[in-house]
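Next come the chains, spelled out residue by residue.
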Amino acid sequence: MPTRVTYDYSLTGDACQKAQQQGLVSATWYQTDIPRKTMKALMKRSDAPAVRDTSIWFIALFVFAGMINFAWGTWWVAPLFFIYALLYGTASDSRWHECSHGTAFKTPWMNNLVYYIASFMVIREPKIWKWSHARHHTDTIVVGRDYEIMGRRPTRVLRHILALFGLPQTWETLKSLTRHALGRLSTDENSFVPASEYKSIFQTARLMLILYVVVIATALYFRSWYFAMMIGPLPAMAGVWLAYIFGLTQHAGLAENVLDHRQNCRTIYMPPVLRFLYWNMNYHIEHHMFPMVPYHQLPQLHKLMKEDCPPVYPSTWSALKEVVAAMWRQRKDPGYYVKREVPNGYES
Amino acid sequence: MSNWIEVCPLDDIDEEDVMPFNHSEQTFAIYRCPKGEVFATSGLCTHERIHLADGLVMDDIIECPKHNGRFNYKSGKALGAPVCEHLKTFPTKVENDVIYLELQNL
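Quick note, the sequences are listed as chains R and G, same order. Take the first sequence: its position 143, counting from 1, is numbered 140 in my numbering, and each next residue is one higher. Each number in my numbering comes from the position in the second sequence (counting from 1) with 1 added on.
Incorrect hints may have been included.
One-sided excerpt, in silico: chain R residues whose CB lies under 10 angstroms from chain G [what the hints assert, rightly or not]:
(1) Ser23
(2) Met36
(3) Arg328
The hints are simulated quantities; they were obtained by calculation from the structure and are not laboratory data. Here the structure is a predicted model, which is why all the values come from computation and not from measurement. Note that beta-carbon positions come from the ideal geometry of N, C-alpha and C, so glycine has one too.
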């Protein structure tokens, strides 16, 4: 498939038409051959791992909230809040993601409950993102089709720096919440959301806006910095930086417009603490190739697939170095990307 | 007019599993539920036309392998985003341990 350089990331412009013409839309992607029985065992759902991990997550949030309360007025608040914010702003991102797939828990209401809580925490509209994420999996990093491309070219360095503090994301969400609360969708959103979902999106946006207003008003009414630091935009923005770095390492700097997840996703080895925060999304090639496999089975899937994939990045740092170098170069040379060699020489 | 088509031996499908079946340029998904009964739906997900035979059967549910959209394969009912449109269902029967599919609805 020919490589194409374009800077139009809208979903209704020329890039979308070109993607259609080039056969990149809803196309068949490369898949590693794994026997059906093995795949069935890997896809099997269970509540236990996610109940355990979610319990640990919430207990940790409450423990750190208590410790911050206890340490209030001392410098200890700073390191404690640093950890609390990571648990709030980064761990909620991965919980949001996994529950949006409906794979974290076996029981649907558990998935939905954690999904909506995590959506509120990470400041992301649950309904609209479900549809955009489905599109992301259909047409991963296909320009003109994928709404979730973080490493857009040419690189806007200031935007990425601000995004480490959640500023552009929160601003965009505030705008979209307002738009949806007023009963409107953007042109891009219209392209991937069916009309039957509009009402639900608008109602959810109104509810979310009310919740955020209540949270902020409560903090203001009681003049409580503690409350503001525990719930709402502040901890989300203070703790999103690691989720943003994780997000960049997933696809940024790699090829656009290919039909092989081994060429546009990264799998990275991470220590257990990071894998807990990230719910194993460091196995990102595996997740994209087989999105039915729950997070807790991804290490097992990785063992079966790794010989069919490019070399694994040995650490987050090694992946991040590559991402930053590629994005820096893409400021001036947007056609540049890191080409991942796939073992069997398959060319997408 | 009914038109029963032979699909495959019953044992070709594990319990709580699904397999594809193609006939007359149509593709179907044939399910064997945990209790052993057999059901059939149109083969492609109504969301992005992915074949459901690569999906996961859980009790009465088939989950699409691409976007995790869920259907009740007994009724064909779509169970929520990202699937909105129901699946078409087809009658089946098992005779002498062979599965048959009725195509009168086509």
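Going down the list of hints, with the structure as the test:
no.: 1; hint: Ser23; result: 6 angstroms, holds
no.: 2; hint: Met36; result: 8 angstroms, holds
no.: 3; hint: Arg328; result: 34 angstroms, violated
Checked against the numbered hints given earlier, the structure breaks only hint 3 and satisfies all the rest.
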